[in-house]
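**Student:** Take a look at the letters that make up each chain.
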Amino acid sequence: MIPEQGSSLGERAARGRDPGGTLVRAAEKALASLGLARDEPARLKIAVQQTLQAPGAARVTVALRGDVSGLLLFSFPWPQAFGVAGAVAQQSFGPGEEELVLDALAELANLIAGYAATEFEREGLEVEIGPPAAGGGGEIRHASSGAAEALRVSLEPAAGGFELALFLNGQRT
Amino acid sequence: MALRVLVVDDSATARGLISRVLQQQGCEVVGLASSGAEALEAYPRIKPDFVTLDLVMPQMTGQETLRALKAQDPSAVVIVISSLGMMKTVMECVKAGASYYLVKPFKSEKVRAVLKKCFPDRVVETEEVVC
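So the sequences go chain by chain: H and E.
All residue numbers for the first sequence refer to my numbering, where the first residue is 5 and numbers rise by one.
All residue numbers for the second sequence refer to my numbering, where the first residue is 1370 and numbers rise by one.
These are calculated hints, taken from the structure and not from any lab test.
From a predicted model like this one, the values you see are computed outputs, not experimental measurements.
Treat the hints with care, as some may be off.
[Stated by the list, open to error] Simulated crosslink set (DSS-like; lysine-lysine; CA at most 30 Å straight-line):
{"no.": "1", "chain 1": "H", "residue 1": "Lys33", "chain 2": "E", "residue 2": "Lys1486"}
{"no.": "2", "chain 1": "E", "residue 1": "Lys1476", "chain 2": "E", "residue 2": "Lys1486"}
{"no.": "3", "chain 1": "E", "residue 1": "Lys1457", "chain 2": "H", "residue 2": "Lys33"}
{"no.": "4", "chain 1": "E", "residue 1": "Lys1485", "chain 2": "H", "residue 2": "Lys33"}
{"no.": "5", "chain 1": "E", "residue 1": "Lys1439", "chain 2": "E", "residue 2": "Lys1485"}
{"no.": "6", "chain 1": "H", "residue 1": "Lys33", "chain 2": "E", "residue 2": "Lys1479"}
{"no.": "7", "chain 1": "E", "residue 1": "Lys1486", "chain 2": "E", "residue 2": "Lys1457"}
{"no.": "8", "chain 1": "E", "residue 1": "Lys1439", "chain 2": "H", "residue 2": "Lys33"}
{"no.": "9", "chain 1": "E", "residue 1": "Lys1476", "chain 2": "H", "residue 2": "Lys33"}
[Said to hold, decoys possible] Calculated from the model, a selection of chain E residues having no Cβ within reach of chain H, i.e. all distances over 10 Å:
{"no.": "10", "residue": "Gly1395"}
{"no.": "11", "residue": "Leu1409"}
{"no.": "12", "residue": "Arg1436"}
{"no.": "13", "residue": "Asp1442"}
{"no.": "14", "residue": "Val1463"}
{"no.": "15", "residue": "Ser1468"}
{"no.": "16", "residue": "Lys1485"}
Ideal Cβ positions, reconstructed from N, Cα and C, are used throughout, including at glycine.
From just these sequences and the hints, can you work out the full model?
**Tutor:** Right, here's the structure in full:
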């Protein structure tokens, strides 16, 4: 469990908890299950920030509650978004079908978040995920009560690269 | 006669993928619902042989929908299809009356095996479509 309030990512890592590593494993598993193999290893970056700019990108957010609480943000540059969505939905999308693309990306986000929640359970952590919310880009402001830290991971499946960020709340919710 | 199914998922992508796999198995998709409320309205009207149900949905969750469906029809056959593989969640669903639990994404063979267990007299052993 991670009940310690206000603990930072660094402190959690020191206690043997690695939410970033769990997230990367979940994303790799989900992408592999869809046949979207990555060409390069994921790049892990930890950055402290309250907002994340995602202009010109399709984005999906998934709320996390429980021992790991916060927000998962998936950001797909539009040109790559079409490719990834097509691979997920097993069909091709063209101009004017952005809503369908966002729906497919939301399904991918749901899959990765679900796998992450399952991985967290194996580590003894109880995490619930909310339904994915998709949108067309802009600024995301993390509405947490505590200090927010964003853990960012770049993934590059064959169908097109994207980035996911985990904003952690300081408190269990 | 083909098995008739109501597919419940808030994602149009997931509804399409699930429908495709079920149709490949010879099932007839007689209804699509994007929420628990839609599923509860459609179920008595459509009277499907079984329901596939997502768990992570807005407003009414899959678990709530499952309990409401079973209250409406205790004999309803509900196959949960979710990205969540947590044992606690699986057990909750089984306890609430789910017939089977499949983790997304799933393979066609797995669906066939589950359908055969749910409907042993209607799913014939053959390489071709037959539910």
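**Student:** Would serine 1468 of chain E pass as off the interface with chain H, using Cβ distances and a cut of 10 Å?
**Tutor:** Non-interface label stands for serine 1468 of chain E: nearest chain H Cβ at 20 Å, farther than 10 Å.
**Student:** Mind checking the alpha carbons of lysine 1476 of chain E and lysine 1486 of chain E for me, to see if they're no more than 30 Å apart?
**Tutor:** Given that 30 Å is the threshold and the Cα spacing comes to 16 Å, the pair holds.
**Student:** Please check whether the beta-carbon of glycine 1395 of chain E is more than 10 Å away from every beta-carbon in chain H.
**Tutor:** holds (20 Å)
**Student:** May I ask you to check that lysine 1485 of chain E keeps its beta-carbon over 10 Å from the closest beta-carbon of chain H?
**Tutor:** For lysine 1485 of chain E, whose nearest Cβ neighbour in chain H is about 23 Å away, the distance exceeds 10 Å, so it holds.
**Student:** Any Cβ of chain H at or closer than 10 Å to arginine 1436 of chain E, or is the non-interface label fine?
**Tutor:** holds (17 Å)
**Student:** Taking the shortest Cβ-to-Cβ distance between valine 1463 of chain E and chain H, state whether it exceeds 10 Å.
**Tutor:** holds (16 Å)
**Student:** For the pair supplied as a hint, lysine 1486 of chain E and lysine 1457 of chain E, confirm whether the alpha-carbon distance does not exceed 30 Å.
**Tutor:** With Cα atoms ~23 Å apart, lysine 1486 of chain E and lysine 1457 of chain E stay inside 30 Å; holds.
**Student:** Within 30 Å, alpha carbon to alpha carbon, are lysine 33 of chain H and lysine 1486 of chain E?
**Tutor:** holds (28 Å)
**Student:** Tell me if the straight-line CA distance from lysine 33 of chain H to lysine 1479 of chain E falls inside 30 Å.
**Tutor:** Holds, because 19 Å separates the two Cα atoms, which is no more than 30 Å.
**Student:** Are the Cα positions of lysine 1476 of chain E and lysine 33 of chain H separated by 30 Å at most?
**Tutor:** Between lysine 1476 of chain E and lysine 33 of chain H the Cα gap is close to 15 Å, so the pair holds against 30 Å.
**Student:** Taking only the CA atoms, is the gap from lysine 1457 of chain E to lysine 33 of chain H under or equal to 30 Å?
**Tutor:** With a Cα-Cα distance of about 20 Å, the restraint between lysine 1457 of chain E and lysine 33 of chain H holds, given a limit of 30 Å.
**Student:** Compare the distance between the alpha carbons of lysine 1485 of chain E and lysine 33 of chain H with 30 Å, and conclude whether the hinted pair is satisfied.
**Tutor:** holds (28 Å)
Of the numbered hints listed earlier, the single one contradicted by the structure is hint 8.
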